[in-house]
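Order-wise, the sequence lines are chains H and P. Here the first sequence is numbered in this note's numbering, starting from 1 and rising by one per residue. Here the second sequence is numbered in this note's numbering, starting from 266 and rising by one per residue.
Because the hints were derived from the structure by calculation, they are not lab data. Here the structure is a predicted model, which means the values were calculated and not measured. For every residue, glycine included, the Cβ atom is placed at its ideal position computed from N, Cα and C. Please note that the accuracy of each hint is not assured.
The calculated label-pair distances, taken between Cβ atoms and stated as ranges, are [what the hints assert, rightly or not]:
hint: 1; chain 1: H; residue 1: P58; chain 2: P; residue 2: V401; range: 54 to 60 Å
hint: 2; chain 1: H; residue 1: T89; chain 2: P; residue 2: A526; range: 28 to 34 Å
hint: 3; chain 1: H; residue 1: I262; chain 2: P; residue 2: L281; range: 49 to 55 Å
Calculated lysine to aspartate or glutamate pairs in the EDC-like style (CA-CA distance at most 20 Å, straight line) [unchecked claim]:
hint: 4; chain 1: H; residue 1: K155; chain 2: P; residue 2: E627
hint: 5; chain 1: H; residue 1: K179; chain 2: P; residue 2: E533
hint: 6; chain 1: P; residue 1: K529; chain 2: H; residue 2: E74
hint: 7; chain 1: P; residue 1: K529; chain 2: H; residue 2: E75
hint: 8; chain 1: P; residue 1: K529; chain 2: H; residue 2: E96
hint: 9; chain 1: P; residue 1: K529; chain 2: H; residue 2: E185
hint: 10; chain 1: P; residue 1: K544; chain 2: H; residue 2: E101
Spelled out from the first residue to the last, the chains are:
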Amino acid sequence: MSMNPHTQESHASRSHMAISDEVAIQMNSVHKWYGQFHVLKDINLTVHKGERIVICGPSGSGKSTLIRCINRLEEHQKGQIIVDNIELTGDLKHIELIRREVGMVFQHFNLFPHLTVLQNLTLAPIWVRKMPKAEAEASAMKYLERVKIPEQAKKYPGQLSGGQQQRVAIARSLCMNPKVMLFDEPTSALDPEMIAEVLDVMVGLAESGMTMICVTHEMGFARKVANRVIFMDGGEIIEQNDPEEFFNNPKSDRTKLFLSQILHH
Amino acid sequence: MSEQGQSYTTGQHPDLPAPVSTTGVIGWMRVNLFATVPNAILTILAALFLLWFIPPVLDWAFFSADWAGQTRDDCTREGACWVFIKVWFRQLMYGRYPVEELWRINLAYVIAAAAGLLLFVPGLRGKPWIGLFLLVGFPIIAFILFVGGNFGLPVIETPLWGGLFLTLVISAVGIAASLPMGVVLALGRRSNMPVVKALCITFIEIWRGVPLITVLFMASVMFPLFLPEGMNFDKLIRALLGVMFFSSAYMAEVVRGGLQALPKGQYEAAQALGLNYWKMMGLVILPQALKLVIPGIVNTFIGLFKDTTLVLIIGLFDFLGMIQLAGTNPDWLGFAIEGYVFAAFGFWIFCFGMSRYSQHLEKKLHTGH
Numbered sequence: 001m002s003m004n005p006h007t008q009e010s011h012a013s014r015s016h017m018a019i020s021d022e023v024a025i026q027m028n029s030v031h032k033w034y035g036q037f038h039v040l041k042d043i044n045l046t047v048h049k050g051e052r053i054v055i056c057g058p059s060g061s062g063k064s065t066l067i068r069c070i071n072r073l074e075e076h077q078k079g080q081i082i083v084d085n086i087e088l089t090g091d092l093k094h095i096e097l098i099r100r101e102v103g104m105v106f107q108h109f110n111l112f113p114h115l116t117v118l119q120n121l122t123l124a125p126i127w128v129r130k131m132p133k134a135e136a137e138a139s140a141m142k143y144l145e146r147v148k149i150p151e152q153a154k155k156y157p158g159q160l161s162g163g164q165q166q167r168v169a170i171a172r173s174l175c176m177n178p179k180v181m182l183f184d185e186p187t188s189a190l191d192p193e194m195i196a197e198v199l200d201v202m203v204g205l206a207e208s209g210m211t212m213i214c215v216t217h218e219m220g221f222a223r224k225v226a227n228r229v230i231f232m233d234g235g236e237i238i239e240q241n242d243p244e245e246f247f248n249n250p251k252s253d254r255t256k257l258f259l260s261q262i263l264h265h
Numbered sequence: 266m267s268e269q270g271q272s273y274t275t276g277q278h279p280d281l282p283a284p285v286s287t288t289g290v291i292g293w294m295r296v297n298l299f300a301t302v303p304n305a306i307l308t309i310l311a312a313l314f315l316l317w318f319i320p321p322v323l324d325w326a327f328f329s330a331d332w333a334g335q336t337r338d339d340c341t342r343e344g345a346c347w348v349f350i351k352v353w354f355r356q357l358m359y360g361r362y363p364v365e366e367l368w369r370i371n372l373a374y375v376i377a378a379a380a381g382l383l384l385f386v387p388g389l390r391g392k393p394w395i396g397l398f399l400l401v402g403f404p405i406i407a408f409i410l411f412v413g414g415n416f417g418l419p420v421i422e423t424p425l426w427g428g429l430f431l432t433l434v435i436s437a438v439g440i441a442a443s444l445p446m447g448v449v450l451a452l453g454r455r456s457n458m459p460v461v462k463a464l465c466i467t468f469i470e471i472w473r474g475v476p477l478i479t480v481l482f483m484a485s486v487m488f489p490l491f492l493p494e495g496m497n498f499d500k501l502i503r504a505l506l507g508v509m510f511f512s513s514a515y516m517a518e519v520v521r522g523g524l525q526a527l528p529k530g531q532y533e534a535a536q537a538l539g540l541n542y543w544k545m546m547g548l549v550i551l552p553q554a555l556k557l558v559i560p561g562i563v564n565t566f567i568g569l570f571k572d573t574t575l576v577l578i579i580g581l582f583d584f585l586g587m588i589q590l591a592g593t594n595p596d597w598l599g600f601a602i603e604g605y606v607f608a609a610f611g612f613w614i615f616c617f618g619m620s621r622y623s624q625h626l627e628k629k630l631h632t633g634h
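This is chain P alone, in the form it adopts within the complex (with noise of 0.2 Å):
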């Protein structure tokens, strides 16, 4: 018997349309935003408080912003002086490294891109050449540009690089050998033979337990000490290095969270067919526990991204080193505050950037249980 009194015969009864107040915008405010008095309240607290705050920063930022201009004394109005960010651009974006061949950083940038963007193209047939190609070719091309030294092309020092082209380079390096080294290591750490285990417990234990800080500094000033005399390694090598041993320590115990998450069946069901230990690995077990941790392995790439700012210490600039340095600069003081917005700017737009892939490879490699 509905509301208006209206009785229907059994099992004749229509499918009515929902009462207004419950569906689309007014119902979601109802329940959402005006449930209760104390959620009403809260409500308009919240909106309150958002337009208490956020027109001043709309204003600094946008409205009464300085975006012409080649010099400081460009800078009159009241807002941000962006004109700091365009006039230290380039070096903010590539440090260093030689105008006239920032064609060569470009180049690489370009050709990851459209390498990454034919991933992303449904159904093309040999996607894993294109990965192959950027785990390992890529990396070949990219080394043979920004180095130089062969086919004609100056060499080019790495106390050069910076900006955003040196986190990017530490970053890619990190992640990229920060997975497979991880998922070696959680495999050892699983491991019935004592001694790989035991290695792999230790190696873990040592590189997450000291902040990467000292991992740096150690590997800057204390590496050289035990070299033979004249050996000298690149200081971005030594930097790289101790970036990638710290960052699989991490992934290392991420990757084996998702190993024991399994049920153990699928592990009996892999032995029974026959299967041996790498084949059981590579074909059941990895793929299934990866996707499970997806979340965790993106958390640490997204992590490490960040970390990489701490290769200051060291006196490599990357992004933020660079802004840091731009704000110091005599010329150009008192722009610290338009410097920090710009590297959390840049920063954000990386990360969510990878956030929003994760969701895509969830959403995508979920197949329906």
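Isolated chain H (complex conformation) (with noise of 0.2 Å):
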């Protein structure tokens, strides 16, 4: 397939977000058991500052096991993870410290049923970074409008669609201020004309910067916005690589067949 002018504009704007050079996070030699199955097998990856990444791979692959080990929602047996220079380990307090400044957006959004939208942006804000109410409410009504539902402010999840819940999620991870947002699964729980309004999102995301793992089978959205596409199978990581190279040259067998099966429906 030639470059043509949409991906090579795509391109253009993609090196446009700038990649500092400091390391978000680091992960050397993971390991992980669920008891004898060997889950991850010697993860080594180093995620820069606004970056953004998109794992795909077979289900089992351990993708969702790798992200859940960032915040420590899984734990690692052997190997070093480093999240904005602070190590992951059984510390209590290293692990809140990161969980403060990582974002999370489940598969099924995990929205709190008992309190409003409202109360569930300002919910972490208030009682974790003890910021007054007024000052939370506010800023949760910005990110609310950032994606696009500020009307749904006093409504309650489940009076809401699987799309607004995904992008209420979305803004209660926003309005702590995490330096990095992971994504698992966001869009798979949902209806097909749901998934575009949340991938926008996502992609607005992209574009002001934030540091992004994403886990996910929509390959459209990781060639409008990723950096690099890993993929893993049966704990390793197979290949990585930027989008354009992933997508047209992919080196492995495994990777050149998972693509075959899913690029062709």
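If you follow the hints, you should be able to join the two separate chains into one complex; please do so.
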């Protein structure tokens, strides 16, 4: 496939978005087992500030486990994970500091059903960052406008559609002003007509310079926004490259097989 | 095309009223009472049974009953002799609490009722303060009023407490203590810390595994054996401790059911936002878990309220105990039935009240999904 003007343009705009030299996340020789099952094998990954990384792979490849290790929703048994210069160990203080700077968006949204949208958004800033209520609410409304649903502020999550709920979930994470955003298959539980509205928000977020790691099957999104696409299989990182190279010249056979399965329907 | 053969253009069919025989009272009766021949027969049999059963009961309880009088001789008619209840009413309500000090108990009732009613006023601000008052301030006030010894109030020893007053004291303490203790035990049982988990499991299984009667009996008889000479614990306090521990073990399992029912994603989202353990539990998990198990919690409260009758075993005369005492009084033998019917009625009022409140709470907390 030759370079067409469209990809040229997005390539240019991608390089426009500065990737700093600072390292946001460093993973060194990380291994993880569930009991005897070796689910992450010797993961080495460096994520710079401002990078947008898409991780793809067949199910069971460990991609969700990898990003869940970054905010300690899963524990790694071997190796080192360093987030924002804080090492991730069993030390609760480190874990709490890291979780403040790392936001996560889940496949099933996980909004708090007993709170309104506004309360969902202001909960963590008020109780973790000790922000005064008025300031937290102003910030929450700002982010709700950014995800284009300010009018839903007083509703409960159960009254919103899936796409709206996921956008609220993104806004909720953003209210903590994290340095890194993790997305765990954010559009996999959405009806097709709602996927676009969530991806738009994520593209906007990327363009504002947020460091993002995204586990997703949306390859269009990867082409548009990612600096790097990582392919995982069987707990290992098989291949990683910028999107052009990754989609046009996959090196490993397993990558080729995976791409042929997901790009042809 | 409608039944009368009238046809409408496609997309223009008007909204017609439903046929008479399917709506309203007749419609309801057709569907629910007389839908099929067996159903119709059952309906008729049930109606006949009610006709046979209810009028004699009503006659006994109301129409042929004695309502006026002062002594046993006034019980002349064939029905219930409610004179018995009337004459003993003060003891049934307050036990042997001195008559001239009853105002103290009544004052406490009024304060509690006023605070409780305030909680029902919609939109009133400062409700958490009222709640705090009921949980902390009011017990202190009630303690000062009931026991006396301060502010010039004469001391009234706990053996004199009895009747509905004693039932309410034991239930209120048991209910108020069992919920927070139960929550702590449930959280401890689900904790990752092995010692905390083992202690909580042990506590729950021991107190859940023995009957309340043995708990009360052991608290009353055996507990003093372990204390040094001369040190004496008030019998009521021992009973209260036993009831508290027993009830909190039950409550712990009810709460644990709620904690288990919450999707793991709720825990994960709270953690991912940086909430520590107690903030996660207090702001996200417990509000949802407790709301889920309101039926179980209120069920446990209602059970506890009725279990307080077991204190008779250790010589405390609660509502039922006083009724039994009155019924075995030599002047008033033979009115056991009136006594137990009144007891059942009394308990039913409180238990039904709790049940209705729980439904109100569920409706109020239902946030639409």
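Consistency of the hints with the structure:
no.	hint	verdict
1	H:P58 <-> P:V401: 54 to 60 Å	holds (58 Å)
2	H:T89 <-> P:A526: 28 to 34 Å	holds (32 Å)
3	H:I262 <-> P:L281: 49 to 55 Å	holds (53 Å)
4	H:K155 <-> P:E627	holds (19 Å)
5	H:K179 <-> P:E533	holds (19 Å)
6	P:K529 <-> H:E74	holds (13 Å)
7	P:K529 <-> H:E75	holds (16 Å)
8	P:K529 <-> H:E96	holds (19 Å)
9	P:K529 <-> H:E185	holds (17 Å)
10	P:K544 <-> H:E101	holds (18 Å)
Every hint, counting from the list given before, is met by this structure.
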